[in-house]
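Visitor: Taken in order, these protein sequences are the chains called D and B.
All residue numbers for the first sequence refer to the working numbering, where the first residue is 1 and numbers rise by one.
All residue numbers for the second sequence refer to the working numbering, where the first residue is 1 and numbers rise by one.
Please keep in mind that the hints were generated in silico from the structure rather than gathered at the bench.
Quantities reported herein were computed from a predicted structural model and do not represent experimental measurements.
Even glycine gets a Cβ: it sits at the ideal position worked out from N, Cα and C.
Errors might be hidden in some of the hints.
Unchecked claim - Below are the DSSO-like pairs computed for lysine-lysine, each with C-alpha atoms no more than 27 Å apart in a straight line: (1) K201/D x K262/D; (2) K262/D x K138/D; (3) K288/D x K8/B; (4) K51/B x K288/D; (5) K51/B x K286/D; (6) K82/D x K51/B; (7) K219/D x K25/D; (8) K8/B x K286/D; (9) K298/D x K82/D; (10) K219/D x K288/D; (11) K223/D x K153/D; (12) K219/D x K286/D; (13) K223/D x K286/D; (14) K138/D x K219/D; (15) K262/D x K288/D.
Unchecked claim - Sample of chain D residues with no beta-carbon within 12 Å of chain B, all distances over it, derived: (16) P4; (17) T55; (18) A68; (19) T74; (20) P99; (21) E103; (22) E269.
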Amino acid sequence: MEQPLNYIYQKIETLNPIHGKKLKKNIVFFDARYYELANSFFVKYINILHLNNKTLDYAIDCYLQMIADVNSETVEFLRTGKYSSSTFAEVNQRVYARPETMEYYMHGLIMSQFLWKHHYQMLQYFTDTLPRYMGTTKSYLEVGVGHGLYLSKALEIMDIGTRLTAVDISETSIAMTKSFINDSRINYHLKDIFEFDNHQKYDFITLGEVLEHVEDPLKLLQKLNTLLSDDGVLFFTTPTNAPAIDHIYLFNTVGEIQDIIKAAGFDIEAELSLLSEDVSPERAAKFKIAILYGAFLKKNKSAS
Amino acid sequence: MDKGEILKTVNDIFIDVLDDENVVLTYETTANDVEEWDSLNHIQLVVAIEKQFGIRFTSQEIRSWNNIGELIGSISNRIN
């Protein structure tokens, strides 16, 4: 069988040549590990699509629909300097409460995990660093599981005795994650994280690209601080300047993200900033190019 | 402003946004002819052109141009 990646890149190039050109620039940087991981991921993903009577072509269409949305949002963002929505109620009505939108958006996002260089590199950063915390993590929580890719990696890496918990506000997200991961070690909760409290502290919490979806990211980090055990670790990612149909909180710079980390009572253990385009930092600032920021945090014990 | 002047201004915007001093546009130029002209740069170019000429394109227009000549046509219709 033809490798899925070749098929995907060729199909995108046929359907949307100008976007295919952008993707091709990214793949120049990928190594053998990328091809191995991405192809094995897509083989698994195609099986799940087939189980749901869908095809890879359907997922590629979803991805291109998401790209069309991102492009429209980017035009507005560059014109106004703002995201088009700023409240949860707006994006709930526009995206989360519409199963047909969530459906293509989730599939589009899954595809982007291996088609966008910075998404892939962040996943790699997470999977390369997580084993350090294997021995100390008895309880693991992921907030906003999205499509379940990070959770599936945690499940592979974490000790067999680790209890995993997943909280997400979207039924579509939880259903998609369950279709990827069928494992009794995971407890799923369809809940708003601000209403989630099972009287337990977690040794490791993951929050992948969620802060930009909430009105008050500081409040969310403070909430996670209360759910984290004293020596626990929080891994989170969030982008700057990344317009999308459901992004409501705009971080203009990485410095703004680092400020709320400190304000929420955390210290940075390790961090990574990935430019979404291969340009100099000066040009990135001039053209408001997105940066995906990720960090491993610990509680600042001297904070009151 | 005639189309020749618009073309020269647009060429300067391409040089700035694509960070490539060697870009030479003609009315027939397409994205295939300019290596750095990809989907993201297309958006950057559109918004930079809008700002330069003080105009706003429709989303339909942004998707419709097949070459630089058609883009110049859209700009000329708006400013003249």
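Visitor: For every hint, state whether the structure bears it out.
Guide: A quick look at each hint next to the structure:
| no. | hint | result |
| --- | --- | --- |
| 1 | K201/D x K262/D | 20 Å, holds |
| 2 | K262/D x K138/D | 26 Å, holds |
| 3 | K288/D x K8/B | 25 Å, holds |
| 4 | K51/B x K288/D | 15 Å, holds |
| 5 | K51/B x K286/D | 14 Å, holds |
| 6 | K82/D x K51/B | 16 Å, holds |
| 7 | K219/D x K25/D | 38 Å, violated |
| 8 | K8/B x K286/D | 22 Å, holds |
| 9 | K298/D x K82/D | 31 Å, violated |
| 10 | K219/D x K288/D | 26 Å, holds |
| 11 | K223/D x K153/D | 24 Å, holds |
| 12 | K219/D x K286/D | 30 Å, violated |
| 13 | K223/D x K286/D | 34 Å, violated |
| 14 | K138/D x K219/D | 26 Å, holds |
| 15 | K262/D x K288/D | 24 Å, holds |
| 16 | P4 | 22 Å, holds |
| 17 | T55 | 24 Å, holds |
| 18 | A68 | 9 Å, violated |
| 19 | T74 | 5 Å, violated |
| 20 | P99 | 25 Å, holds |
| 21 | E103 | 23 Å, holds |
| 22 | E269 | 32 Å, holds |
Of the numbered hints stated above, those contradicted by the structure are hints 7, 9, 12, 13, 18 and 19, listed in ascending order.
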